[in-house]
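Trainee: Sequences and hints are given; from them, build the entire structure.
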Amino acid sequence: MTRADPPLPRLDALEKVTGRANYAADLQPQGVLQAFALRATRAPARIRSIDCENARAVPGVVAVYTHENAHETGWRADPALDALFAEGLGRSALKDAASQLPAYRPLTSDEVMFAGQWIAIVVAEGIEAARQGLAAVQVNLEDLPPPEPVKIRPGPFFAGDMQHAFTTGHRAGAPRHRVEASYETPVQLHQPLEPSATTAVWQGGRVILRDSTQGTRATRTAVAASLGVAEENVLIHAEYVGGGFGAKNQIWPHQALAAHLSRALQRPVRLQLTRADLGVASGHRSETRQHIRLEADADGRLALLTHHSEIPTSLRGGFFEPCGLSSLMLYAAQRIEVRHEVTRRAIPTPTPFRAPGETPGSFALETALDELAHQAGIDPVELRLRNFAERDLYHNRPWSSNHLAECYARGAARIGWAGRSALPRRHRRDGRLVGLGMATTAYPAPILPASVRVTLRGTGSVLVETSATDIGTGMRSLLAQKVADTLGISPAEIEVQLGRSELPDAPTAGRSKSSASVMPAAGAAARALLQKLGPEERSNLTLAQRLAALGQPHISAEGHSAPRDPQAEHSFYSFGAHFVEVELEEQIGRLRVTRVVSVLDCGTILHPRLAESQIRGGVIFGIGMALMEEGLRHPATGRLISDNLADYAIPVHADVPEIEVDFLNIPDPLMGEDGARGLGEIGLPGLAAAIGNAVFNASGRRIRQTPFPLSALTG
14 MTRADPPLPR LDALEKVTGR ANYAADLQPQ GVLQAFALRA TRAPARIRSI
64 DCENARAVPG VVAVYTHENA HETGWRADPA LDALFAEGLG RSALKDAASQ
114 LPAYRPLTSD EVMFAGQWIA IVVAEGIEAA RQGLAAVQVN LEDLPPPEPV
164 KIRPGPFFAG DMQHAFTTGH RAGAPRHRVE ASYETPVQLH QPLEPSATTA
214 VWQGGRVILR DSTQGTRATR TAVAASLGVA EENVLIHAEY VGGGFGAKNQ
264 IWPHQALAAH LSRALQRPVR LQLTRADLGV ASGHRSETRQ HIRLEADADG
314 RLALLTHHSE IPTSLRGGFF EPCGLSSLML YAAQRIEVRH EVTRRAIPTP
364 TPFRAPGETP GSFALETALD ELAHQAGIDP VELRLRNFAE RDLYHNRPWS
414 SNHLAECYAR GAARIGWAGR SALPRRHRRD GRLVGLGMAT TAYPAPILPA
464 SVRVTLRGTG SVLVETSATD IGTGMRSLLA QKVADTLGIS PAEIEVQLGR
514 SELPDAPTAG RSKSSASVMP AAGAAARALL QKLGPEERSN LTLAQRLAAL
564 GQPHISAEGH SAPRDPQAEH SFYSFGAHFV EVELEEQIGR LRVTRVVSVL
614 DCGTILHPRL AESQIRGGVI FGIGMALMEE GLRHPATGRL ISDNLADYAI
664 PVHADVPEIE VDFLNIPDPL MGEDGARGLG EIGLPGLAAA IGNAVFNASG
714 RRIRQTPFPL SALTG
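The opening position of the sequence shown corresponds to residue 14 in the working numbering, with each subsequent residue numbered one higher.
Careful, some of the hints might be misleading.
Unchecked claim - Once the Cα atoms are required to be at most 20 Å apart in a straight line, the calculated EDC-like pairs of lysine to aspartate or glutamate come out as:
no.: 1; residue 1: K29; residue 2: E508
no.: 2; residue 1: K526; residue 2: E252
no.: 3; residue 1: K164; residue 2: E197
no.: 4; residue 1: K29; residue 2: E252
no.: 5; residue 1: K164; residue 2: E81
no.: 6; residue 1: K526; residue 2: E625
What the hints assert, rightly or not - Quick list of the computed label-pair ranges, beta carbon to beta carbon:
no.: 7; residue 1: A505; residue 2: L723; range: 49 to 55 Å
no.: 8; residue 1: G73; residue 2: A561; range: 54 to 60 Å
no.: 9; residue 1: R306; residue 2: E124; range: 39 to 45 Å
no.: 10; residue 1: I601; residue 2: K164; range: 41 to 47 Å
no.: 11; residue 1: R410; residue 2: G44; range: 53 to 59 Å
no.: 12; residue 1: A561; residue 2: R410; range: 47 to 53 Å
no.: 13; residue 1: E141; residue 2: G32; range: 49 to 55 Å
no.: 14; residue 1: G713; residue 2: R189; range: 20 to 26 Å
no.: 15; residue 1: D312; residue 2: T356; range: 35 to 41 Å
Calculated directly from the structure, the hints in this document are not laboratory data. By construction, the Cβ of each residue, glycine as well, lies at the ideal position given by its N, Cα and C atoms.
Mentor: This is the structure in structure tokens:
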């Protein structure tokens, strides 16, 4: 889809900046009760006793639930619900192993599997009464011995020439260049602007949940199963979602628990996660330790790429951080080996977090490649070009479209790469060391089934409806623009309703698939509507006049997009390159990212303003990953101690440099009518590595862990 007009402004901008947009915790139904959770202070443990009498005596407290009485609400442990609740099963080779475990659901046993686990819920007339009730609960925990580590080794995965040994290409002797090093990344917390919350209201035999979720249909299915009611009796409304990044991508216990509490107490209930709850009750990115080995010939062409990762997951969870995904397909090594060793530990369940796998994996891989380039005396851009993968080696398929080489060229020109010295410590500015670094980014471009309904009203206005959620990506604006263009009307005549489970089905927002999945359905719906209106006999007839000629007050049509064949003959990815400039005051270890240039190949860019916003957000995420973000656990209790925005630093305005985003805007001919690929996550992978590579160019110090330690920056 191309437009001659400027892109449509974000439709919900005014509502958001003025506070008129209602989020999940903003709903104030008459008689609503407030629920908060009490977290266990250590693990592994068993609840020896839990005394709630003082809590129940607090004025305003209506009920207190623990594992001893939560069954009174219908809340129960049920292995049949494993695949539906908070186990983070997406993109995981642990699916089979996880499905054999009983589901983790709080308040169903006296077992404490991780520090921070919910062990009581206090429901009260207001926030203060609920918090006073929490403080009055008396818990006696019996410490248990740590469980024996359970290691799971999915894979291994191979690509390239499977018949040759590790020294393929070097039969005459050892490889000319070799890099072998370990890289570490810590726990990261999602920290969306809006913490997760669910407000449940029963109306007869139906419950309406105002929820902060990335997927209304998936949430409806899980909540209905937990309640034991038909799905049509559960309505999930998530018209506004204040960020998610994966924390709201999975199904978490609080969503169904709010409905159980409301049904039992016969009053509306709002169950709200505090900022401290987020890391233990809605997922996190787990720490990783990765080992990279690269072997190359004298020209820098890779003969071997091995990427071995050690990652934890929870005792009951199924998700792990798949760090080696990009290593399998991004560079044309003669042999590629990727392994993951996953250890079950007494920690909260990790979950997908903006570009899961690719983000920590790219830090290791792209840093190692920079090390190889320096060792071989080859420009880092040139090294990547010499190892350019003409096809997806792992799946042995051609790319649907790949203009990565142009991303390298354009980014290098814009940042002034030609003026970069290959030797560190050659550039200074105002007494500070200056360096340039770069890295590749790549992310899959999936398409899932989606449906959109378009209704023409007698006034000439058009209603667009879908269950898709807008987590900040601008889905409302994209839908209005697509339908307006197809119908040939002004976007001002379009009303968009989304984020309700009773509307036409659309996939959960995440994995950079929403726009590519939903926009074709919107276009199909608009074209189907035009067909229902019949042939246009006179070009000056408006849609309202054509509707009036049919004698109907309104007319609707639905459009659908089809999923991609899993056996497709091509691999669908987006690509790009980050170029970064840094300044370092090494006497005090002060590092600033002063400029970022990101050039992306994401197919057609449907809405440049929204697309740039997504990439800028990903870049800022990468700055936070490189310089600030670190989730810390207490060494004795396992409790997350940086569970707040005072102890867990994220970038603020003063930390954000000049960010230049450049899209090639070349349509992918195999991505449907628009030729557009998803871009919500591609701005993040590679960014932390590019910053670290720039630090090396500035100072000669190689950094192999995030956030960058002060000792690696000071002279």
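Trainee: Is the hinted pair K164 and E197 satisfied, with a Cα-Cα distance of at most 20 Å?
Mentor: 19 Å, holds
Trainee: Is the Cα-Cα distance between K29 and E508 20 Å or less?
Mentor: 17 Å, holds
Trainee: Does E81 sit within 20 Å of K164, going by the straight-line distance between their CA atoms?
Mentor: With Cα atoms ~33 Å apart, K164 and E81 exceed 20 Å; violated.
Trainee: K526 and E252: Cα distance at most 20 Å?
Mentor: Holds, at about 19 Å.
Trainee: If you draw a straight line from the CA of K29 to the CA of E252, is it 20 Å or shorter?
Mentor: With a Cα-Cα distance of about 12 Å, the restraint between K29 and E252 holds, given a limit of 20 Å.
Trainee: Starting from the range 47 to 53 Å, see whether the pair A561 and R410 falls in it by beta-carbon distance.
Mentor: Holds, since A561 and R410 (Cβ atoms, about 52 Å apart) stay within the stated range.
Trainee: For the pair R410 and G44, does the Cβ-Cβ distance stay inside 53 to 59 Å?
Mentor: This hint holds: roughly 57 Å between Cβ atoms.
Trainee: Is 20 to 26 Å right for how far apart the beta carbons of G713 and R189 are?
Mentor: 23 Å, holds
Trainee: Using the Cβ atoms, figure out if G73 sits within 54 to 60 Å of A561.
Mentor: This hint holds: roughly 57 Å between Cβ atoms.
Trainee: Kindly confirm whether 49 to 55 Å is satisfied by the beta carbon distance between A505 and L723.
Mentor: Once the Cβ atoms are compared, 53 Å apart, the range 49 to 55 Å for L723 and A505 holds.
Trainee: With a cut-off of 20 Å on the C-alpha distance, tell me whether K526 and E625 pass.
Mentor: Holds, at about 17 Å.
Trainee: Please test the hint of 35 to 41 Å on the beta carbon pair from D312 and T356.
Mentor: 39 Å Cβ-Cβ, so the 35 to 41 Å window holds.
In terms of the numbered hints stated before, the structure departs from hints 5, 13, listed from lowest to highest.
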